[in-house]
Every structure is written in C-alpha cells, then in structure tokens.
Amino acid sequence: MVTKKSKKEEKPIDIFKSRLVPECRVLSEDEEKKLLEQYNISKRQLPLIFSTDPVVKALGAKVGNVIEFTRKSKTAGLSKYYRVVVGGIRG
Amino acid sequence: MIIDQEITKIVKNKVGAIEFRMLSPKLIKKMAVVKVITPELYDADGYPVDGSLMDLKMGVIDPGLRCRTCGGKVNECPGHFGYIELARPVFHVRYIPLIYAFLRSTCSECGRLLLPQGEIEKWLEKLRKAEGDSAVRAGILKEILNKTKLIKKCPHCGAKQERVKLVKPYNFTEGNKKLTPIDVLERLKKVPDTDSELLGISPGAGRPEWMVLTVLPVPPVSVRPSITLESGERSEDDLTHKLSDIVRTNQRLYENLSAGAPEIIIEDLWDLLQYHVTTFFANNISQVPPARHRSGRPLKTLAERIKGKEGRFRRNLAGKRVNFSARTVISPDSQLAIDEVGVPEIIARELTVPERVTEWNLKQMKEYVKNGPDKYPSANYVITPDGKRKVISDETRDVILDELAPGYIVERHLKDGDIVLFNRQPSLHRMSIMAHKVRVLPYKTFRLNLCATIPYNADFDGDEMNLHVPQTEEARAEAELLVGVRHNIVTPRYGLPIIGAIQDQITGIYLLTKDEDNLISQEDAALLLAQVGVTELPKKPASKKGGKKYYTGRQIFSMILPEVDYIGRSKTCPKHPHCKDPNCKYAQVIIEKGVLKQGVIDVNAIGPEAPKGKLIQAVINRYGHKVAIEFIQKVALLGIAYLQMVGFTTSVTDTDLPEEALREIKETFDFAEKKIDGYIEEFREGKMRAYPGRTVRETLEFKIIEAINRARNKTGRIVERYLKQDNPTLIMAQSGSRGSLLNLSLMSASVGQLSLRGTRIRRGYRNRTLPHFKWGDVGPAAGGFVRHSYKGGLTPTEFFFNAITGRDTIMDTSMRTPKSGYLQRRLINALQDLKVEYDMTVRDASGRIVQFIYGGDGIDVAKSDNGKLLIPKEEVLK
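Those protein sequence lines, which keep their order, are chains A and B.
Heads up, the first sequence stops at 1200 in our numbering, and the numbers go up one at a time, no gaps.
Heads up, the second sequence stops at 2031 in our numbering, and the numbers go up one at a time, no gaps.
Don't take each hint at face value.
Not the full set, but computed from the structure, chain A residues with beta-carbon under 10 Å of chain B [to be verified]: (1) Ile1150; (2) Ser1160; (3) Ser1182.
Everything labelled a hint here was simulated from the structure, so no lab data went into it.
Backbone N, C-alpha and C define an ideal beta-carbon position, used for all residues, glycine too.
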C-alpha cells in the first residue's frame, strides 16, 4: 500500500474539471451593476453562497462579489444563476 | 366611492424589528383598572361582585350592561385588565430556565456576574456587535453561561459560591438550603443592568427580578367569557376557574400571614399558590400535575390557547371557517359532464350568489323574489342600495317585490351553470380544488363524473367533499380560467393528462377497437353513437351482408376523434394471443386525420396519469382543453355504451385453470423443491461453494431464492398460456383498465414467495419460523413460500405467513402517511409565498430572488408536453 502523503504535498484538485461543478466566474463591477438593474434588486436580494464554498475559494472571490453560474439544462440549453458571496460558517 | 379613496391612501411599510419585553409589576398595576380580592363571582342576585374576577370595570359580556371603565356596551368595550397582589412572590414557570441561569452565574452576595470586570466589558462589546444576528447572540450567551456557571469564588467581592441546583419543576436549592422566591427576588434585584445583559436580558427589555411575580395581571372578562346554559346556570371559562383558584389561595395566604399562622401552613399555602399560578400559564408542564375541571378534564389555560394544531394560530388565524360553503357525501354520475358537479336542491337553496339588479334582469329577479322562501329558483335576501339586508319571507315578499329596482342586489339561489369550487381533503396538489359548473339535482349527495375522481383521489365509499361559491364576478372569472377542470387536465407535475377514461370505460373502448373486423350493425352503431351525442354514422360502411350495413368498431371510435394525427403503442399486441415481441408492429397505433387506421385503443392512449393518456395529450396539443375535455367525455360514454351492449362480467371462474395447467404448475414446484432440497443437502454436507464475497449460508439463500423465482415465473407463463383470450380478467389486464396478470396468477396458480423487509421470512422462533417446522429448517415452506393460490386455499402455515406480511404492510402505511404529511406541511410552510413575478423570476415575499427564471428554463410544465417544449427548437430561436 502507498503511504499517505502529508496534506501539504497533496496535489490540489481542479474542481472545475468535475462534471458536477457548473461553469462559474466572478462578475466585474459593471456587470454586477447591470445585473442588479436588470432585476431591479439590491445585492441582498440575490441568492447567497458561503465564502467557505470550494468554488468561491477556487475562484478567489471575496465577500460581496457576485458569481455567475452557467448550468447545462436538458430543457433550457444553458441557464444562468447568480449568487453573492457572504461570510459563512467558519469563514 | 369611499373604498377607492381608502385604497389610494394605503401606506406600505416594512416591519424593521419586533421587540419583546417583560412586564414590570409597576406596569401591570398601571394598566389595571381594578384590584381583584374576592373569589366569589356573583352575589345572591346573580350580579357581578365588585373586586371579583367578574368586576364590571374589567368589561362586559352581558348584553344590556355597560362597562364601568369606558361605558361601552358589549361590542364597544375592548375589556380592561385587573391585577392580583400576590401575598408572597412566586416564580413565573416560563422564566425558570433563565432564573436558573442567573442564579448560577451571579454572585450570591453582591449579585455581580462571576467574571472579572475586564472580561465583562469584553463580552459586552462582543454581544453588542452581534446585535440583530440572533444566532450569533445565542452562541455568545451560551458561552458566557458555560464560563460562569461553575465558578466557585466571586471575582468582585470574593464571596464563596455555593452550587445552585434546580429541583424540577420550580424549586431551587443552594447547597443544602432551599431558595424561596423571596430569596431569589432579593438576589436578582442586586444584578446590575450590564451583567444582566450578558445573561440575555437587554437593558430596556426588563429587569431580572421581574421574572419573579409579585403581582399578576388579570385578563379582561372578554378574554374569558362565561356561557349561560339553557337552564340559566352559568358556566365559567377555564381561565376564570384558574384565576379564582389563585385569588382564593392568595386570600387564604394573606389571612394566615396576618394571623401569624405556623410556618408549615404558610409554606403549604405558598406552594399551592405557586402551583395555581404555574398552571394558569401552562397546564402541561412535566412533573406538574395538570389542573383539572370538576369533570376531570384538564383545564385549557394560557399556553394551550395559543399552541399547536388546536391553538389560536393554526385554528383561527392560519385557517378559518367560511360562509357560502357546503359539504356532503359524493356519488357518481356518468351522465354529468366532467367539469360539472351535481348539487342537491336543498343545498342550492341555502347557497346564494349576489346578483345586481339591472334594467335587463329586473323581470327575472322579480320572479325569484316572487317565488318566495319555499320554492326553488328563488332568493334568500335582497340588499337595498343603501346597504340594508332584507330577508325574503312570506310577509316581506310583496313589499320587496314592489321596491325592487336597478341598484338592488338579490342573493339568489345557486342555479345550473354557476361556477363553484369543489374540493376534497387532503388537498395534496392543486387539482384537489377545481372549479365546476353547477347542475342542481334531486336527492342529497354531490354528484361527480367518474373521470373527475382521479385528480381528487376520490371514491364513493362514503367520501365527502366541500363546495364553495365565489361571490364576485372577478372571483368567478378567475376560478373558471385558472382552476377550471378543463384547465387542469394536464398536471404541472409532469405535463401529461391526469384526467382520462378509467376502468370499464377503457375496457369498452378496448373491446370496441381490438379487432379490425369487429363488425357492428347499422342499428347498433346508431345506438352507440347516439349515446355519445353523435348523430351521424361513418361515411362508408365496412361491409354489407344480407342488405344490412356493418361498420367496424374502429370506424365508430373514429367518429368521436377530433382530426388529429397520432402514432403510439398499445400495452399489448391485439393480434397474437401471446405476443412477446416488444416491437410487434400490431401494437402500433396509427391515427391519421382523426381516423383510427391501425391498432387498439387502451390505457396508453386514453388512460389518466403518466405515462399514459398520450392520445389525450395529442388532442390537447392540437385543439386545446375544451375539445380535449369533450373528447374524454365522449370516450367515457362510448366505452360504457359498448360494454353495456356486448356485456362484460368478471367472476371467480376467470381464475379457473384446466387440469393440465394445474399439473404443470405442480410439476414445476415439485421440481424446484427437489432442486432446493439438493442445495440444502449440499450445504449440510459442507460441499457448497460460496459465491465470491459471500458466505456459504448467503450463497444457499441466493440459490434458494433464485430457484423459487424461476419456478414462480414459470407458473406465471403457464397461467398465461392456458388462459382463454376472452377471459374477462385477462381482457382487463391487457387493456390496462384494472388488475394485472400477476394478480390473476396469484388467485389461480400460486401466491409465491412472501417477503418481509426485503428478505424471506426469518423471524419467529429459535432457528425456525414457526413450531410447525423442524429446527434449522431453511426450506421454501419455512421461509414463507406459498405454493398454493388464493382460490385454491392456503395451508395454515402459509396463511400465517401471509398474515405476517399483511400486518407489516398495514403498519408501514400507517406510519408513513402521517410522516409524509408532516413533511409536506413543512415544505408548504417553507415555500408558500414563493411567486413567479412578471419578469419570470421566482421571488419570496421580501423580493429575494430564488430562481432567475422559473424552473431554470421558464417552462410551465402544465402547458408543456411532458415537461418539454411543444414547439420545435428552431421556432423558439425566432
């Protein structure tokens, strides 16, 4: 059996390669503004995502950033979803 | 109009915060209008005594009397509080946990929190920062409590701390000494505001010592109204009973105190007072015996009034009783349209629809009024233009008839064609409430078309249903367009019809269309079609014999088909008796331009619920709901008509099998049992080889199960082979109208292996399932294998095993139903105010977005084709 590697040596996994992780990116300030205008909402009315979420960490997003998810759908082709990063549990 | 002005003045505000505070003794006295001192309620004349719980200063409940505080009459005076000055302080039960926390975390000498000053300030800052975040606050408070509760020495005055214990339900001890409410009161008074903030009472929200009651507010009489019985006797409210217990005990305590009675008597009375005050707040505290009424019924006090299913919230606020509704038993009527409901005349005369009198309907309205209270199409009330409501009776009828003019509103009886809402509980999906059109009928039950039972999950074994009459034109329009039966044929769950032909309707259509050479004489054809409402015959007769014209069943079915194209598959192939080919071309159903060219119509085409009803779906897609509901109706009528014409009977003889078949079945089982005996022998001798990753015992089990399954499947095929094609039970199974081949072979051939929790039956005695078997018997019979059929009869052991699984099933369902009901309740509570906005986003009540487009794809499943778009992709892109 292979001995366990220490945590530091472990190779970071690219979570974006998983088919279960949807495509995502951090919105720029302009895009954020446009989004909020489009739906006529304030940032706190967006769905949330914890700053401790693996995706948020991998993107390097900060609390207050908006992340855009592009999901594949059988019926809609592609569908967009937006979440705002919030200080989460243990974060 | 006044209403319009009021609407324009609506002010919208958000609730920023809700703050809860404690009542101080001072405030209790201030809001009170009377001090209650006497337990007697009424004097000899039955008049309320001053200073009693019924004091007229606390408001009135008897008509004619006036409130001594505000002068208002029964419905004008809101009621006023009184108070009771307690002879000795007592604990408030609901504050016991918090008092306990205070006693453990503060110094018994100086009353300070058992933390150094520096730390107190540090925590205070932390707590104030978390203002508004209740979860974080609760965490901090808990941490402080855990830090301080075991400290032995006060960091402020250095006093040694004895351990305080809570003796449930409401006694405290410190070391070996009992802490009376007086002791506790004195200690809590010493706690400074800053320290009490760290234990959960914000300054401004109250003082810790208020948790020990010195005065008790007495709720107004209107909160606890007494009822006068027919005998003239008065029956007081539970709260009044409890309060009079408190007053009585309190007065006795006062007397004994001033008389200088011995300590034991005082203690006892004090304890009694504590008990009464405790049960006044809540009567179901553990370790406190509930206070009971004279009849032995537990009293319903304050907490019980609010809590739970029968409490104020769920009983009176979240759901209410309504007017213009009716409830009675339902029964079937296949001649009603699917979107109709039969309403008994007695109910139609009670339920009314307000109709405004105009020039054009004046004559009709006068007719209603003229008919008076005893005839049917009449009216119960008229409302004059100035809003006065007048009953129509024999005396008033003529006067009202004279004055009736445009502008009046007549509350006329329910009549044919009115829109009503029909509902059956449990209302598990939106189709549990639908709008029907009224048909007033004799007798006393609601009548319902059979096809409409599916969405309601109704049957006629005594089911009752509710009916509601919308009272405005808007409500009626909305009901018809949104919840009308025809708009709910397609369920929003998966986008296929939930309403369709059922049972013998399907059987009838199946028999009609099964054989392509099913010839029907012209007379019969006319008879059939007339029952459906079709007055034409098919254009070309299929054949002519002896000067008579004949039509095929498929031709007749085509007469009720709208002009659709449809290609589908039937459940079974109608051509070959035992067709096993899954792609058999005869199972293909082809409809071209509304003509059934090939195939048989069965559940797959006209049945309700997925994945059936494809033909109905095709009709909806092509012609919409109106045509579809008429089509379903016609299919149902034609099915019944044909079945009545040819006759159809199921009976026990359907399960008869020829001798040969029974012998074959016996041989199959004998063979299997022999084989299993061989396995067991092999196992006993230790010669059995284990399957990879399994023990030998498990391997044996697999082999036995496998052998049994093989034998059972074989008997199933034997049954199928020996059944005649005209066997009614088989016809029902093949058409998909009711039952299955498995059901049939259960009755005629063998019940087979019974399973308990996914395995053969193993429970029972040591090493055996029943005392009828030998120790260690692992054979088929000992494992719950039933080789006999239900008709043939089970052996006693087989019967017993059958009862075991039967009970297990009943237990399982009776546990699951309430569980899933509660799950659904929680789900509904969580999701009830989500709404699709005009921009297609799904938002909650505060405008927070849940989905950016409904369902991620914007598809309304009820308007889709099985969840998919109805139009080709290229069209969407345009």
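Unsatisfied constraints (hint numbers, rising): Violated hint: only 2; rest satisfied.
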